[in-house]
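Engineer: So you can see what is in the structure, the chains are spelled out below.
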Amino acid sequence: MRRRLAVHLAVWVLGAAVIRIAAVPAEVCPPVTADDLRTAIDEAVAWVDRNVQPDGRYLYGYDRGTGEVNPDYNTARHSGVLAALFQVHAETGSADALRVADLGVAHASKSLLHHDDWIAWHPGGNIQTGANALLLAGLNIRRDATGDTRHDDLMLGIARFLLQQHQPDGRIWASWSPAAERPNEVLGPFATGEASWALALTDRIFPDEGFAEAAASTLDYLASAERSRIEGRIARLPDHWAAYTVSALPDRLRTAERVEYARDLAGFFGVRLRFESQRRGDGINLAVRWFPGPPAGVGTAGEGLGALWRLSASEPGLADLRPNMEERLICAGGFQTKRQVSAAEAERYPDPGMARGAWFYRGYTQMDDQQHVLSTLLSALQVIESREAR
Amino acid sequence: MNALLLAVTFVAVVNPLRTRLGLPEDDGRARPAPLLAGALIAFGAIALLAWVSGPLLDALEITPEYSLTAAGVVAIAGGLFALFFPTPYDEPVPEGPASLVWPVAFPRLFSPEMAMLALAIASTQGVADVAWPTALGIGLAVIVGFAPVGATGRGVLRWSGRLLAAAVVFGGIWLIIEGIRAV
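Protein sequences, first through last, are from chains U and V.
The first sequence runs 1 to 390 under our numbering.
The second sequence runs 1001 to 1183 under our numbering.
Source of the hints: derived by calculation from the structure; they are not laboratory data.
Here the structure is a predicted model, which is why all the values come from computation and not from measurement.
Built from N, CA and C at the ideal position, the CB exists for glycine as well.
Be aware that a few hints might be false.
As the list claims (entries may be wrong) - Listed next, the stretches of chain U that the computed footprint assigns to chain V, with coverage defined by at least 3 CB atoms under 8 Å from CB atoms of chain V:
1) 5-14
2) 22-31
3) 270-277
4) 325-332
Just chain U, same shape as in the assembly:
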């Protein structure tokens, strides 16, 4: 019997070790305060500000190991950064964030194409739906925060561009060809959700244009298996832009099915953030969880969950998830704050100004790393402030 007891105990001990290491490593959530988050947000805004180019473009990418700057550029990411900066201004009142975001808007405004009744940012080549969508989303956030209506004509024009890219089944073409004067019938992984969010936001200012209805039909497309089939995906994509969209839809379009989709999205984002909190990037944890994830990717989960958390304040169908959403967001705020390059750390690299305040993945940072983590930190800040206010 002793031999059999030893066999069973060995199975228990080995099994527990395997489960602990591979399935449930410790979820580490460093403590974080509202002041910590505000400091981290200011540092990230300062990174964008320090590295903005004379023409209003932002620093695209930087390798801290070699000191090399990535000369590429991506217009959707440009718009994403300025939208995140407008979010910072809206939440914290940061004048720097507003100024640097406005530089990005000015850069885009230099190359607008006016066509029929619509307007689009056209820096050359095909007109990108995603770049225009995030520019429009950013302008919506700016208008809400400042009350400034100076960009209303541009906003209406871009929203009409997005609407003519929109298809009856909810798909949104990812680009438009100036040469052929028609949409390129291709879909992008993110442009669809970006456009639906921008349309839902713009409906608040121009409610008679059908923007929200178009956004809702796109949300249904994103939620359906149809998207997976058409776009050749194995599984439904957890889409943070869809989370923004459902949170921006007017009450009349927030159906039970769309709220159920929001619950699914919250689950995806939650498990993504839990998984991330288990990553230490060293020892045996590195073998089973790999390095701490790319900041942009992790950030999308945080900002998507943040959008759903804000929706949960007024949506009974999400109310039961609210405490867990708060825990996940505070946890994400904690580990992202800790992962940001501090002033002292930055001194170790060839150009400290391009390292300080940024988030890196294995030595490289890109503008969208700052964009998505900023949005996550803002959500975490809102959670902490709302808890302090209770």
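We have chain U already, so just place chain V on it with the hints.
Structural biologist: Below, chain V without anything else, positioned relative to chain U:
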């Protein structure tokens, strides 16, 4: 998990049909003292584990929702094992007080999948939602244990035990999905 799923999952994890094949017997019936004492001891151990689930998971830095995922993984592993090995190993039967624990309470009833399930459900739904379905499962194991079983009956138990093992696998998948949807 609602009441029906709790009942099905806990009964399937206890698997009274497969358990019956691993009980110490006299003349085709389970020995009463080891069965009753083992059932009580296993229930007590599971209830105790459920009761300390909160502090235990805190100490391990595992959130209750993520423990559902872990419980699901262990349940799937345990269910697959029972599916492919429908007859428990014929454990040696000790004499004296040890026979009250071995092999009924441990390793038959207090299994890894039961321990993880108790931790996960107690931390997310409360100790009561572990206690009653565990009592149901162990109670059924006692009832089935006292039934006389011949050679044909053993074959039936093996195959019906496999069905319950499959239910454990499905229960494990359900737990993982619950863990994800809990945010």
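Engineer: Just to make sure I understand the rule, a stretch counts as covered if three or more of its residues have a C-beta closer than 8 Å to a C-beta of the chain. Does the region 325-332 of chain U meet that for chain V?
Structural biologist: Holds, because 3 residues of the region 325-332 of chain U bring their Cβ atoms closer than 8 Å to Cβ atoms of chain V.
Engineer: Establish whether the coverage given for the region 270-277 of chain U by chain V is satisfied; the threshold is a Cβ-Cβ distance below 8 Å, and no fewer than three residues must meet it.
Structural biologist: holds (count 3)
Engineer: Tell me whether the statement that chain V covers the region 22-31 of chain U is true, taking a Cβ distance below 8 Å and needing three residues at minimum.
Structural biologist: holds (count 5)
Engineer: Would you say the region 5-14 of chain U counts as covered by chain V, given the rule of at least 3 residues with C-beta under 8 Å?
Structural biologist: holds (count 4)
Of the numbered hints given earlier, the model fails none.
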